[in-house]
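Asks: Letter by letter, the chains look like this.
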Amino acid sequence: MAQDRPKILIIDDEDVVLDSCVQILEGSSCQVATANDGALGLQLLQELRPDLVFIDLMMPGISGVEVLEQTRELDPSVVTIVITGYATVGSAVEAMKRGAYDFIPKPFTPDEFRLITQRGLERRRLVLETMTLRREKELLKDHFAAIVSHELKAPLGAVQQNLFALTQDLSGALTDGQRKRLERMQSSIESLLVLIHTWLRAYSADIEGLRDRFKPTCVRKVVAKAIESVQPHASRKDIEIVASVKEPLGSIQGDEGTLAEALTNILSNAVKFTRVGGKVLVRADEEDNAISISVTDTGLGIAEEEMPYIFEGLHVGKSVPAAERGSGLGLAITRRIIDAHQGSITVESQLGRGSTFVIHLPTLEAGPCSRHEPDADVVAESHQGGNE
Amino acid sequence: MSPRRRLLVIDDDPDFVEGITPILTGADYEVDVAYNPKDGLQALQAKSYDLLLLDIMMGRGAEGVMIARKMRKDPRLRDMPVLIITGIREQIAFLFPGGPLHPHFMAVDELVEKPVEPQLLLERVSALLQAAEARKSPAT
Numbered sequence: 073m074a075q076d077r078p079k080i081l082i083i084d085d086e087d088v089v090l091d092s093c094v095q096i097l098e099g100s101s102c103q104v105a106t107a108n109d110g111a112l113g114l115q116l117l118q119e120l121r122p123d124l125v126f127i128d129l130m131m132p133g134i135s136g137v138e139v140l141e142q143t144r145e146l147d148p149s150v151v152t153i154v155i156t157g158y159a160t161v162g163s164a165v166e167a168m169k170r171g172a173y174d175f176i177p178k179p180f181t182p183d184e185f186r187l188i189t190q191r192g193l194e195r196r197r198l199v200l201e202t203m204t205l206r207r208e209k210e211l212l213k214d215h216f217a218a219i220v221s222h223e224l225k226a227p228l229g230a231v232q233q234n235l236f237a238l239t240q241d242l243s244g245a246l247t248d249g250q251r252k253r254l255e256r257m258q259s260s261i262e263s264l265l266v267l268i269h270t271w272l273r274a275y276s277a278d279i280e281g282l283r284d285r286f287k288p289t290c291v292r293k294v295v296a297k298a299i300e301s302v303q304p305h306a307s308r309k310d311i312e313i314v315a316s317v318k319e320p321l322g323s324i325q326g327d328e329g330t331l332a333e334a335l336t337n338i339l340s341n342a343v344k345f346t347r348v349g350g351k352v353l354v355r356a357d358e359e360d361n362a363i364s365i366s367v368t369d370t371g372l373g374i375a376e377e378e379m380p381y382i383f384e385g386l387h388v389g390k391s392v393p394a395a396e397r398g399s400g401l402g403l404a405i406t407r408r409i410i411d412a413h414q415g416s417i418t419v420e421s422q423l424g425r426g427s428t429f430v431i432h433l434p435t436l437e438a439g440p441c442s443r444h445e446p447d448a449d450v451v452a453e454s455h456q457g458g459n460e
Numbered sequence: 017m018s019p020r021r022r023l024l025v026i027d028d029d030p031d032f033v034e035g036i037t038p039i040l041t042g043a044d045y046e047v048d049v050a051y052n053p054k055d056g057l058q059a060l061q062a063k064s065y066d067l068l069l070l071d072i073m074m075g076r077g078a079e080g081v082m083i084a085r086k087m088r089k090d091p092r093l094r095d096m097p098v099l100i101i102t103g104i105r106e107q108i109a110f111l112f113p114g115g116p117l118h119p120h121f122m123a124v125d126e127l128v129e130k131p132v133e134p135q136l137l138l139e140r141v142s143a144l145l146q147a148a149e150a151r152k153s154p155a156t
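Chains as they are written, first to last, in this note's numbering: chain A, 73 to 460; chain B, 17 to 156.
Derived by calculation from the structure, the hints in this document are not laboratory data.
Errors might be hidden in some of the hints.
Going by beta-carbon spacing under 10 Å, a handful of chain B positions derived as facing chain A [stated by the list, open to error]:
| id | residue |
| --- | --- |
| 1 | P30 |
| 2 | D31 |
| 3 | G35 |
| 4 | I36 |
| 5 | I39 |
| 6 | G42 |
| 7 | G103 |
| 8 | P119 |
| 9 | H120 |
| 10 | F121 |
| 11 | L127 |
| 12 | K130 |
| 13 | P131 |
| 14 | P134 |
| 15 | L145 |
Everything numeric in this text was worked out from a predicted model, so none of it was measured.
Yeah, the Cβ is synthetic: ideal placement off N, Cα and C, and Gly gets one too.
The shape of chain A in the complex, shown without the other chains (with noise of 0.2 Å):
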């Protein structure tokens, strides 16, 4: 509550009701105010901004269902409670229907009175907590992306700055293995650079401001940049990258760098799942006016009971080993990326024998992206394995 002292305010037309109600709650901590009639009520919930209002369903003039339903409008963060002179549950089951928070029928005992109010309070401070707990956690969305690049980023890439600038100040001086040890502490700060860059793209705004940047897009050109993003640390371990892309292959509306995110992310776990010198699967397609992007691993395959989660964000597999593990970021960034194209993705998986993820993605009327185009050209030459 704002105050220390909750606020309440008494509507009902027997005086004899709201003194007994004012006695009744004498000597607990809240500042209790009263109307008898509904244009009174009113008035005082404008002035006083009370925390809990009691209402009289049957009252002369203005009717007590009319007054909880401005009260409702006002603020429908006030706690309202209805008395209903007859006891009949239609009329409370009605006002409830309407925003009541409960109803306490007429007449009542003071504890029964005093439990009422104990507990509409308790649900007004829950209802604060909520709302101040809901714009915090809006506040913190909306500036997440600022506050991280500040207080966190900027610190790390200073050492990383200043690890680069010793090493060229002291490259004559170094031994091997005190280089060795700068080259580490670069590499791992570089690992949490792009671990921060990594939440920020879970969390910023910006997959949402994708749609205004869309474009006719090559998918060939998606899944070259994917593989080329992944191929470093594919060749780490051996592993193969195979891909099959069909052509002609049409184009879709999209972002090609945020959709050549997406496929990385999938392929990255594709590799990062696949046994030294085993073999990654890329295949593109196109039927029915929608072009699918299939990614197949011989890896550890998915658990059943896991699938549900993998797109959650934060989700880290059972059985990935614990050098593998990353963010768990990287499928829920991928399936927001998805999203925002109006495409779906699908996964089957057997534990143990691998998984198949596929990205379906709706096709541009504009026909097929041509295969000459320059610089689709170029970046079919880093293709592993060739088209077919």
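Given chain A's structure and the hints, the job is docking chain B onto it.
Replies: Relative to chain A, chain B alone:
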């Protein structure tokens, strides 16, 4: 060989500045540093520099953008090459939602992300100096 080129760094993070100045002086550039936008603008007015290394996020926000804006209005500073150094590309995306990641604040500018590897930094600096030179004396 032409006289030593003079560079100005405007960046409010002294730790980061310490990490790039040795790289630049090591490559025989003369380097001045301003640690806030105000000193930076004063230095730009007082001395003549061949290139500016400009941080975007300074002080309470994107004060680097404000410097670029002032430079564009100044005929003497308008054509100075600028290497924009930014914490992350997201900052640019954050400042100019929906815009390109390299907004081209100046006639001759280039964008690098912090931290920047020594080789890349020196490449960009020398490429910008050359580009500015080429603009001054049209190729024959």
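Asks: Of all the hints given earlier, name the ones this structure violates by number, lowest first.
Replies: When the structure is compared with the hints, numbers 8, 9, 10, 11 and 15 turn out to be violated.
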